[in-house]
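Given only the sequences and the hints, what does the whole structure look like? Please build it.
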Amino acid sequence: MSQLLQYIFSGITFGSIYAVVAIGFNVIYSTTGILNFAQGEFVMLGGMTAVTFSRFMPLPLAIVAAVLVVALCACVLEILLFRRLRSHTVLHLIIITIGLSIVIQEAALHIWDEKVCSLPYFTGNECSSLKIFGAAISPQVLWVLGTVGIAVALLYAFLKYTLTGRAMRACSSNPDAAMLAGINIANMRTLAFGLSGALGALAGCVVSPISMTQYDMGAGLAIKGFAAAILGGLGNPLAAVAGGLLVGLVEAFSVMSGLPSAYKDAAAFTILLAVLFVRPHGLFGVKGAESVREC
Amino acid sequence: MPVLFLAVLLVGVQLAATASGRAYYLTQLIMAAYYSIVVLGLCLVMGYCGQVSMGHGAFFAIGGYTSAILTTTNIAAARDSAWGHALQKAGILFSWQDPYGSQVLAVSPGAAFAAALLLTLVVALLIGYPALRLKGHYLAMATLGFGLIVYRLLLGSSFTGAADGINGVPGWALTSHLTLTSSNTYRVGNYYFAWGVTLVILTLLLNLVHSRVGRALRSIHDGELAANAMGINTAGFKLQAFVISALLAAAAGSFFTHYTGGIGPSEAGAMKSVRYLVLVAAGGMGNLWGGLIVSAILTFLSLRGCFGTYDHAVFGVILIAIISLAPEGPLKPIGLWIRGAFRALIPSRRSCHGAV
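Residue numbers (the numbering used here), protein chains in the order written: chain A, 36 to 330; chain B, 63 to 418.
It is possible that some hints are incorrect.
[Stated by the list, open to error] Taking lysine-lysine and the DSS-like style, the derived pairs with C-alpha atoms no more than 25 Å apart in a straight line are:
(1) Lys394/B x Lys197/B
(2) Lys334/B x Lys299/A
(3) Lys334/B x Lys150/A
[What the hints assert, rightly or not] Now the stretches of chain B that chain A is said to cover, found in silico as 3 or more residues with beta-carbon under 8 Å:
(4) 195-205
(5) 335-344
(6) 376-382
These aren't lab readings, by the way, just hints derived from the structure by calculation. We treat Cβ as the ideally placed atom computed from N, Cα and C, and that holds for glycine.
Right, dumping it as structure tokens:
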């Protein structure tokens with residue numbers, strides 16, 4: 036029983052990180068129609084910048100600074116690159132984000148080297164653990180869950196209740212009508228990139244003590260996050276959370292069930308393929324909802 | 063006609079490389095040719111049919127690994143049995159000497175090649191049938207997922223050699239003068255074989271895309287609904303294109319494995335599959351010539367290590383530059399520019415006649 040709980044906690048921890056990446060995908064996708072494959076790179080950049088900053092400033096400040104820097108980078112990318120390429124097809128834009136992810140990864144390799152680094156544990160250290168119903172978990176897991184939960188709630192409130200958030204949703208449901216209503220679509224798209232960069236960077240910071248940060252962690256996270264977003268159904272942030280947790284839990288259980296851990300990813304993707312083939316629009320997606328966006 | 067020009071150019075490259083004592087360039091050119099075959103196949107699916115595949119590295123690996131496993135697994139027990147003799151006579155089994163001097167009885171490369179294509183056919187049908195009913199991002203995810211599953215299975219299984227892959231794959235003796243192996247004596251022959259195969263495939267694909275099938279594929283790209291309404295079996299054509307390109311990738315993988323003498327799991331990795339996609343996009347999507355030329359040049363330069371530690375970065379930058387500046391591929395603007403320069407130099411005859 037306590038072992039089962041242990042696996043569930045590990046699944047939820049990594050699942051919540053996938054969920055944040057998936058939400059990042061969703062925020063950009065629903066506002067711009069671009070599937071940003073460099074999303075995982077934001078997570079990596081967040082962790083790396085925070086590690087660098089934490090050498091000469093207190094940890095909380097370093098994290099805030101890292102989140103701001105990455106958000107700014109994402110905005111700059113949008114303004115310099117994607118704003119000029121409006122006339123390109125969506126497939127071209129997706130391929131550009133793939134190129135971008137490769138370039139960012141290589142840049143990180145040359146800036147930070149290929150060594151693995153990590154932030155210190157926010158409270159306690161790697162040995163400290165809490166007992167919950169017999170399962171031992173690190174306090175950092177609570178930090179991850181708490182931060183992700185609060186971030187998702189804030190994002191939801193932002194999109195639902197603030198004027199800017201509503202304007203962003205308007206852009207996603209009908210860009211032309213939004214433009215006619217006086218919404219500056221170009222700025223909303225920049226904002227979407229910034230928001231998504233900030234979310235990714237935050238996730239990169241809180242997970243850094245547990246899973247370490249390395250220059251090449253982004254691609255794997257992007258693929259898992261993409262899987263989570265598709266699993267939940269594109270364009271729906273809450274479904275992305277469910278999708279992310281599901282991917283995390285499937286991974287944890289595939290390890291528990293005695294499959295070699297090398298097959299962990301294979302198990303997660305097999306389930307994803309099965310879901311895609313049976314319910315192509317995702318578990319919680321509405322059929323045909325995204326057809327407007329297809330190129 | 064342009065194919066002949068390319069053939070002459072390739073002969074010229076070989077002569078120049080041999081004459082200048084840089085025959086070692088041919089090795090990378092041979093590998094580049096095999097990778098280009100994958101790009102050509104993917105070009106058919108992506109450029110003409112409009113279906114994204116992010117898992118073509120997996121088909122390359124399936125082809126390569128099938129050849130490697132079948133030709134290196136020693137079934138010495140069959141040597142003295144009656145059926146073993148019969149299969150050896152029929153050319154399905156063959157005996158070769160490994161580097162340590164012991165005799166290995168295994169499936170012959172030709173039979174292994176056929177098995178690789180057969181396996182790929184089955185896998186491509188199994189994956190393609192449900193996957194090609196998906197659209198856009200969902201198709202991208204499904205093919206990416208397929209590629210990752212294959213990668214993980216190769217990496218985690220002992221019979222595929224886990225992270226080391228399989229080494230010591232025997233050469234494939236096609237004729238008495240041509241063996242697909244990395245030995246220097248056969249280098250020139252291999253060069254002509256690799257590029258000959260590539261040119262044949264290019265010609266076949268060019269014919270295909272200019273035929274009724276090609277027009278059907280392009281109509282799927284432009285508007286699947288309209289194509290359906292015109293009575294085109296879109297699902298069938300998409301599956302055919304997907305299977306053809308998967309078979310091309312597997313064939314390339316098999317040749318490649320015999321040539322280099324080994325294959326590793328990284329061939330199925332997401333990065334490799336993305337590279338093929340990148341090369342197709344950089345060649346101008348629906349442009350077989352562009353895809354072939356861009357992939358041959360970039361792959362050759364990257365294999366030669368011209369980009370040093372910035373290999374991936376250069377790839378990424380070239381990709382972004384080409385897509386953002388010339389989304390139709392670099393060849394089209396260059397071609398237009400040359401034609402424009404030509405026109406400016408030689409006053410058009412037709413206009414003269416018009417004046418008279």
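Verification of the hints:
1. Lys394/B x Lys197/B: violated (28 Å)
2. Lys334/B x Lys299/A: This hinted pair holds, its Cα atoms lying about 21 Å apart.
3. Lys334/B x Lys150/A: holds (23 Å)
4. 195-205: Satisfied; 9 residues make the cut.
5. 335-344: Holds, because 4 residues of the stretch 335-344 of chain B bring their Cβ atoms closer than 8 Å to Cβ atoms of chain A.
6. 376-382: holds (count 5)
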